[in-house]
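Let chain E serve as the given structure and place chains C and H on it in line with the hints.
If you want the building blocks of each chain, they are given just below.
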Amino acid sequence: MTLLKVENLHISIATQNGILQAVRGVDLDIRKGEVLGIVGESGCGKSLTAMGLLGLLPKSARRSADKIEFLERDLTLVGAAELRAIRGNQIGMIFQDPMTTLNPSYTIGNQLMEGYLHHRHATRKEAEERAVYLLNRTGITAARNRLSQYPHQLSGGLRQRIVISMALMCEPELIIADEPTTALDVTVQAQILSLIKDIQEEMSAGVIIITHDLGVIAQMADRVAVMYAGNVVEAGPTHAIFSAPKHPYTAGLLSCMPDASRSGRLGQIPGVVPSLIGDMRGCAFRTRCPHATDPCRDDIPVHRDPGGHSWRCTIASQPAGATGS
Amino acid sequence: MNEPHPAPVTPDFSHDLEDVAPLTPRQIFFRRARKHRGFLFGLGTILAITLLALFAPLLSPHDPYAQQLLSRLQPPVWMDRGAWDHPLGTDQLGRDYLSRLFYGAQFSLLIGFTAMVISGVIGTTLGVIAGYFGGRLDLIITFLITTRLSMPIVLIALAIAALLGSSLVIVILILGLLLWDRFAVVARSTTMQLRDADYLLSARALGMPRWRIIVTEVLPNIMDALIVVATLEMAHAILLEAALSFLGLGVQPPLPSWGLMIAEGKDFLLFEPWLIMIPGVALLILVLSINLLGDGLRDISAPEGRA
Amino acid sequence: MSVFLLKRMGLAIVVALVVSLFSFFMLRAAGDPAIAMAGEGATAADIEFIRQRFGFDRPVAEQYLSWLGGALSGDFGESSYFAKPVSLLISERLPVTLGLGLAALVFSILLAVPLGMLAAVYPNSIIDRFALTLSVLGQAMPNFWFALMLIVVLAVWYPLLPASGNAEWRNFIMPTIVLGYYATPAIMRLTRSGMLEVLGADYIRTAHAKGIPARNILFKHAMRNAILPVVSIASVQFGYMLGGSIIIESIFALHGIGQLAWESISRADLPTVQAIVLVLSLIYVGLNLAADLINAWLDPRIRIA
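These protein sequences, in sequence, are chains E, C and H.
Just so you know, the first sequence maps onto residues 459 to 783 in this note's numbering.
Just so you know, the second sequence maps onto residues 7 to 313 in this note's numbering.
Just so you know, the third sequence maps onto residues 6 to 310 in this note's numbering.
Here chain E stands alone, though its shape is the one from the complex (with noise of 0.2 angstroms):
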């Protein structure tokens, strides 16, 4: 069943120097029960696309999109009322970082319950029980007398366990991870995507957790949707794109993962990311791509295969040496 579809979603954010052009045509879609991770380096406008399915987007911001479906409700049409209905209660969201994610004037107990009670019209005590149980879920130790604390109190790991709880609190059927143990210490990281998984077994939620870190892809999706320069350039299951790379940037990223069966130089992608303002015309890795051609700078086809695997780009198939094995 599907969960959310995405279809030929554009972000553009007016800025000093010109309208940047953030998200390019985005499409996605997500199964209730699976895990879509949304993979790219930083300015590729996979933050944004998770905060625009919401609209939680910064004033200068305008999203469009054909569609942007959730339980066969399209969000680009409900009101703002309706909007806030969803989300916290049927999409949870889980923020990168947790320092700055809680508000530090008010207690845990109050920022936890906050949702639940605005949705679910609950009393303060079944809040509370249900604040306690998630808290206790998600591994916080003397759950109860963690309510009355506050964020400063508490160190990252923990504070991000309670951002998780928080997005649990009405059993959102959509999970939203936006580099959710970026900011944490290493050893925490493991715990906190493991917690992720297990939840989302648990409750059979589905999750896209955004990342620029393919060894997070690796242990959490389930599919995977590539991103650079705010447009998907490949998508398809996670095992598919780590084995067989079609676009020469998921190769170019996939050898600059490390990997303990691989000796040799740690690959990288020469050049850098080019300026979003303006529009743009043709493939926008061809700056930096090995392969590159004149079609590039036209049009660029969509490619798929059976097994759900897509890819844009000039070349119908993966080039060979691409990934340096």
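Hints were generated in silico from the structure; no laboratory data involved.
The C-beta atom is built at its ideal place from N, Cα and C for all residues, glycine as well.
A few of these clues could be false.
As the list claims (entries may be wrong) - Pair by pair, the computed Cβ-Cβ distance ranges are:
| # | chain 1 | residue 1 | chain 2 | residue 2 | range |
| --- | --- | --- | --- | --- | --- |
| 1 | C | 195 | H | 130 | 42 to 52 angstroms |
| 2 | H | 97 | C | 35 | 50 to 60 angstroms |
| 3 | H | 31 | C | 35 | 36 to 46 angstroms |
| 4 | E | 543 | H | 162 | 53 to 63 angstroms |
| 5 | E | 728 | H | 221 | 45 to 55 angstroms |
| 6 | E | 543 | C | 41 | 36 to 46 angstroms |
| 7 | C | 211 | E | 765 | 53 to 63 angstroms |
| 8 | E | 640 | H | 221 | 21 to 31 angstroms |
| 9 | H | 303 | E | 765 | 53 to 63 angstroms |
| 10 | H | 127 | C | 210 | 44 to 54 angstroms |
Frame of chain E, contents of chains C and H only:
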């Protein structure tokens, strides 16, 4: 089938999607300045007032001290009874108001500028020392700043002026010695932010003497912030001078300070309100344009932080 | 918390002492106080009499210590003009000034905080422009001139309010507006920038992601954090207003401590001037202390630390 893909790259794509060449900081400054209306207005007005003050002897239609008792309290030209021989009218002693206004600009600018320079030197020295050396020196200087902030400056300025007897030099000294606090606060915090910057550490590692690091590395880098403070403090000094003169403890008659002109016009507020309106509006415009210039400079050097 | 409090109070007391020390020596260094107090045309004998009467013949340090000793027990000596204890003069006049300052502060906050918040919520809107214009004008306008213009408009052209005196509450309207407007730009700018900063904070986005209505977010999540710096600046501004009351009270002929200060300066009534400097700076450091305490109470990060 999938084997022969095209031979690697003939066309040069390396500049295909890149931005135009980056601008130098100076170019960015001028580009932003040209678009900042407040900044342009402030700069233009201050230049105009400065020119009026400098060329007051040439521009003034009359001697600002010459009393014409027969044409006392003549209203400005746009009112009934007004006439072009005195475009802004005359005061209670029959002196030409426009000429006095031009000469008054000299006092406002002179006092505001010199007081700002004195307080700037004091405050910057203290602030940089506190911020750069830290530790006990910082504690002492921070305490000095706190103490200075707790002093009722209008009252102290008035008391000193009353006891010393007021004159131009004394007004400048009082204001210069009292208004250094904001310079010190800003110099201290900006220096602190710089202290651990890599290029300062490397200068120290190279064994540069500390005073040279301060002069060649610290000062140029906190200048932007200090110039903004300087404009605000100059405006502050001009307003305080006007207040002192208004209370009779600043510039002394018959000199035409704008604050003093308002004080002299106060007695005629019932029937000749323009006597206080004209110098008041002049003060408002001068201080407004200095503030706009300062705000503009801050916007231009750091466009994100419009506080 | 209690250590924090004690440190703050200790610092406040030391600051007030240093201010008094400074003003005491400065007023003596500025000229011979006996000559100034005797006034023009006084004989050498008059001056000598005053010198002995007020103890100016003793070493300055000794004068300071005995003055301070008296001040600690509420005895500021005798006014050289009124032949009354200075403490009595001040306690008669202080309520007027404090009342005026408080009214002006309330006026200013009621004007500045809502405007600053609206300006932040609707940046670059008409209301933002209006708030900006109001604050730019407020910073540039000499307050004594604004006072005179108000008198011209509200007492002369349209005689709605009394121009001077402190017989009734209507006398306080114009002084309140003038003093309050003086403090408005700083409070408004800080509210606006604080609010803008908070509205861009991650925890505001979190609240939106939880589906909380915008109004609740504004009043619950944003306001409390944005208002913190405003508390400090409001107390600082109250201190400035007490300073500004010297000019405003003499224009509106309000019998407060500001007018007393001004009259005492022109009469070279040194004991009174000295006492007022001390009282005003004590009030000022007290206000800063209060602001710190309120901040600690509002901000859990300080409260616990």
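Now the hints, each set against the structure:
1. C/195 x H/130: 42 to 52 angstroms: 32 angstroms, violated
2. H/97 x C/35: 50 to 60 angstroms: 57 angstroms, holds
3. H/31 x C/35: 36 to 46 angstroms: Since residue 31 of chain H and residue 35 of chain C have Cβ atoms about 43 angstroms apart, the given range 36 to 46 angstroms holds.
4. E/543 x H/162: 53 to 63 angstroms: The hinted range 53 to 63 angstroms holds for residue 543 of chain E and residue 162 of chain H, with Cβ atoms some 57 angstroms apart.
5. E/728 x H/221: 45 to 55 angstroms: 50 angstroms, holds
6. E/543 x C/41: 36 to 46 angstroms: Hint holds: Cβ distance 43 angstroms, inside 36 to 46 angstroms.
7. C/211 x E/765: 53 to 63 angstroms: Given a distance of about 58 angstroms, which is inside 53 to 63 angstroms, the answer is holds.
8. E/640 x H/221: 21 to 31 angstroms: For residue 640 of chain E and residue 221 of chain H the Cβ distance comes to about 29 angstroms; the hint holds.
9. H/303 x E/765: 53 to 63 angstroms: Because 58 angstroms falls inside the window, the suggested range holds.
10. H/127 x C/210: 44 to 54 angstroms: Holds, at about 48 angstroms.
In summary, the one numbered hint that this structure violates is 1.
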